[in-house]
Amino acid sequence: MNWKLILFIALIGYGAYQHFNQRPVVYGDGVVAKQLPLQSNTNDVKFEHSGYTITPLQSFEIEARILSTKYYTFDRGADLSPVDLALGWGRMSDEAVLKKIEISQSGRFYYWRVNEFPIPRKEIETHSANMHLVPANSQIESLLKNVKPGQVVRIQGDLIQANAADGWHWKSSLSRNDIGAGACELVWVKTFSVKPLS
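Read in our numbering, the sequence shown has 135 at position 129, and its numbers run on one by one without any break.
Worth flagging that the hints you see were computed from the coordinates, not collected in a lab.
Backbone N, C-alpha and C fix where the C-beta goes; we use that ideal spot for every residue, glycine too.
DSSO-like cross-link-like pairs, simulated, lysine-lysine; straight-line CA separation at most 30 Å:
1) Lys128 with Lys201
2) Lys196 with Lys151
3) Lys105 with Lys154
4) Lys201 with Lys76
5) Lys40 with Lys76
6) Lys151 with Lys201
7) Lys151 with Lys177
8) Lys106 with Lys40
9) Lys177 with Lys52
10) Lys201 with Lys40
11) Lys106 with Lys201
12) Lys201 with Lys177
13) Lys201 with Lys105
14) Lys52 with Lys76
15) Lys40 with Lys128
16) Lys76 with Lys196
17) Lys128 with Lys105
18) Lys151 with Lys105
19) Lys151 with Lys52
20) Lys154 with Lys106
21) Lys177 with Lys196
22) Lys128 with Lys177
23) Lys76 with Lys154
24) Lys76 with Lys105
25) Lys201 with Lys154
26) Lys154 with Lys128
27) Lys196 with Lys40
28) Lys177 with Lys40
Estimated spans, in silico, between C-beta atoms of each pair:
29) Val51 with Tyr117: 32 to 38 Å
30) Ala171 with Thr48: 20 to 26 Å
31) Gly188 with Asn121: 25 to 31 Å
32) Thr197 with Thr59: 20 to 26 Å
33) Asn49 with Asn121: 45 to 51 Å
34) Lys106 with Ser144: 36 to 42 Å
35) Glu129 with Gly173: 35 to 41 Å
36) Phe123 with Thr59: 39 to 45 Å
37) Leu180 with Arg160: 18 to 24 Å
38) Gln41 with Asn169: 28 to 34 Å
The task is simple: from the sequences and hints, build the whole structure.
Right, dumping it as structure tokens:
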């Protein structure tokens, strides 16, 4: 068989795999993640992880819908947080709302755009967030790298600050009400699960 034909078939196969593997999960209209994120004081102490000193700031738990995924390999924090998930809860987990919002991620930020607001702007800002996820182990990292937009996930862990020996540091937001630079959560992920379609 001609090597060009083999290459062509392989590329088509890979493209089909990517298309079906990354196709958003569909629940239908309605809120699928009702609860607000939970945050409280933590007794966890600082520890070392992959060359960073990790300081837990608050315990954190969230059930939310994945609005978008972004994987990082080469930026400064990629060895610590290889995956960002843009997450939505409340009406920001409702497909009837989300189909009217254009969502993207780039450069560790989450962006949204509307032609007209399906819900108030403030609700979009306070019921969605970009989260930099730091997996506690390789099993969680593998799970994070295989999620799809639309899935409902549960994350439990800590909001953290990470300090490197060269002085570089990365600190989580502690509020869901902020926007812009510094508003993202940096989450040490202790447990991670995907809610099955009912």
